[in-house]
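**Student:** If you want the building blocks of each chain, they are given just below.
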Amino acid sequence: MRYEFQILVAGLVVAGLLLASAGATAWWAASVQKGVLQQSHADQVRAAGSVLAQSAEVLLADNELSSVRRMLIALARERGLQRCRIVLPDGNVVADATPSSITLRELPAQWSGAATVVDADAQGSAHVFPITVPGRGNARLEITAEAEIPAGAYWPLQAGLGGISIVALIAMMILYRHATSSLGGVLAIRQALLSRQGGQASLEALEVSPDLGPEAQAWNSLLAEQEREHKQSALQKTTETVTSHRGSSDRLSIACDVLSQGLILLGKDLRAEYVNGAAAALLQTKREDMISAEVSTFIKDERVLAACRASTAGPMPRRMIVEVERCDGEATTLLRFIVRPVRREDIGAAMIIVEDITQQRVAEESRHAFVAQATHELRTPLTNIRLYAEMALDEGKNDPTVVGNCLNVINQEVFRLDRIVGDILSIAEIEAGTLSLKKNDVRLDEVFPELQADYGAQAAEKQLKLTFNLPPKLPVIRADRDKFRLALHNLLGNAMKYTPPGGQVTVTVTVDQGRLVIDVADTGIGMNEEDRQRAFEKFYRAKDDRIATIKGSGLGLAIAREVIRLHGGDVVVQSELNKGSTFTIGLPLTEATT
Amino acid sequence: MPLTETKCGAVYVLRPEGPLKGPEAQQFRDRLVQIINASLGRCVVDASAIQFVDSKGLEAMADAADELAQTGQSLRLCGTTETVRQVLEVTELAARFELFADVNTAVRSFL
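Protein sequence lines, in the order shown, are assigned to chains A and B.
Going by our numbering, the first sequence opens with residue 1, and the numbers climb by one from there.
Going by our numbering, the second sequence opens with residue 1001, and the numbers climb by one from there.
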């Protein structure tokens, strides 16, 4: 990385400068120290020489030559002198720090000559002190100090400077590291900015290493934020563009997915270009398996395939409708395929619309059966009325009794016709969903006595034992009085009708846990399992031969159950062939009822 | 939990009896999805015998509704008790179902 190299170079330059400065400082300090030490040493040597010269004058006067020699040796050793001796004017050495250099062992009694004094400055480190020995003559003390200060004299200075330099270097390295991290981030950001100005727009190229410190991380965050905003903006623009150009197409696709009819768009090669969710469900396959697959892989019916092929082979003038029955286990499904040609060649060749019409077909058949049954039920009393009317007209002229009998039958058939028409109307209302309730307070303690009165005579006539097991206090319920009574009449009427003479019909009313339960039990002919399951179907009558002579429309139970269901309850039946049936009304008691 | 299945024409009516809760809700859900797949969605849930429903029960019904929504249909509930209706409204799930007063009305909606 370029900025890392720059930092390295800068760091090395700074370190070099610092080291050079430290070195120069050390050299200068050493030089000064050396001068001072040399000067001090010379002063000390000079002072010692002066004292020694004075002492030597006294000692030599007393001929204490050996003492002088010892002093010289001691001084030379103490001061580290290179040479220390006493020389007579004739050049003889009488005392020396180095005893071997002595040339005159005994001090003469007298000698002549003046002491030669050499200029100390001219000799550098050499010093000469004149000695005047009283009564004997002149001499001179020569002292030559060491030219150089020993290396050990500078070690504290050198150690101090070295230590300071090392500490400074360590501190500099720490500072360098710290500076590198922050300065590296700044330099990297600078380089990224320059790259950006140069036209570089890639996020990867502009990002810097997050290890370079918080500045680098902040820069990366800024770039990421900018990139996010850029992408969001681009996405928004794209969305706007797509919405403006293809919005209608997408919306159409979404709309197709919420259709309960299946839609399949076929291309010219008979492969599915678009399939909605309902189509996949109706054809019991996966949507992804259908896309791009040939139509014959998911539609097996040859008529539908032929219609598709006809559509792709050339212009098909009209739509083709094919109804296909499919057996899935016990369930039978009826699917309607509508194949329509697609005119725009760039979209596809055909559109297949798939509908599940099973329930419509069942309802249609049910309506047909209803009309047939209703017609049959209406025709039977009408036929009786017509026949008895004709009989009254033909034979009534001579026999008034016949007229009376005929009118009686006609009257009964009219009542029957009225009841059938009423039942059919109720069923029609139930089917149309227009059967409405007019709820009022219904006093059950009035309803059941009325019921008992209505059926008491009939039970006695048919030799049936009719029993009402009623609780001491019957509630008042919110119900449609007429329709509730109609349901009770239908159940009780059935029980009376299908119980042979000598049998028993019991109505039991209980109120338990907020529910009103009315059981209508009989000891009649009962029902087998198939009849029991179909008992509430409209116009259904049991196949039992014993009821062939019993008149009935097959609507009573259907109406009773619908009425009770409209009241929020239900009617269930328990029955055993030849032993009897029990119809149970269960009705919730609301808070409004008491 | 007893599940009563009846057929009104080509429409299957599933009637759970008792509270729709806990592991029983899973049993209800499995059977409901099975019926939905077998009948191509011609299915009504008679909720008149469901006294209350817990979160598992709601999840089961919502799953079945989602299954049907993929084919452009919706789950038809009928005869819901006041308690169940309130739960559906409080949880804002009511909009995901089609509610009918009784079985016949729900079955007729397939016509």
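No wet-lab data here; the hints were simulated from the structure.
Yeah, the Cβ is synthetic: ideal placement off N, Cα and C, and Gly gets one too.
One or more hints might be untrue.
Claimed, not checked - Here's a subset of chain A near chain B, in silico, CB distances under 8 angstroms, partners left out:
no., residue
1, A168
2, T333
3, L382
4, E562
Claimed, not checked - From the structure, some residues in chain B lie toward chain A, with a derived Cβ separation under 7 angstroms:
no., residue
5, V1013
6, G1018
7, S1109
8, L1111
**Student:** Would you mind marking each hint as holding or not holding in the structure?
**Tutor:** Against the structure, the hints come out as follows:
no., hint, verdict
1, A168, "violated (73 angstroms)"
2, T333, "holds (6 angstroms)"
3, L382, "violated (30 angstroms)"
4, E562, "holds (7 angstroms)"
5, V1013, "violated (12 angstroms)"
6, G1018, "violated (14 angstroms)"
7, S1109, "violated (10 angstroms)"
8, L1111, "holds (6 angstroms)"
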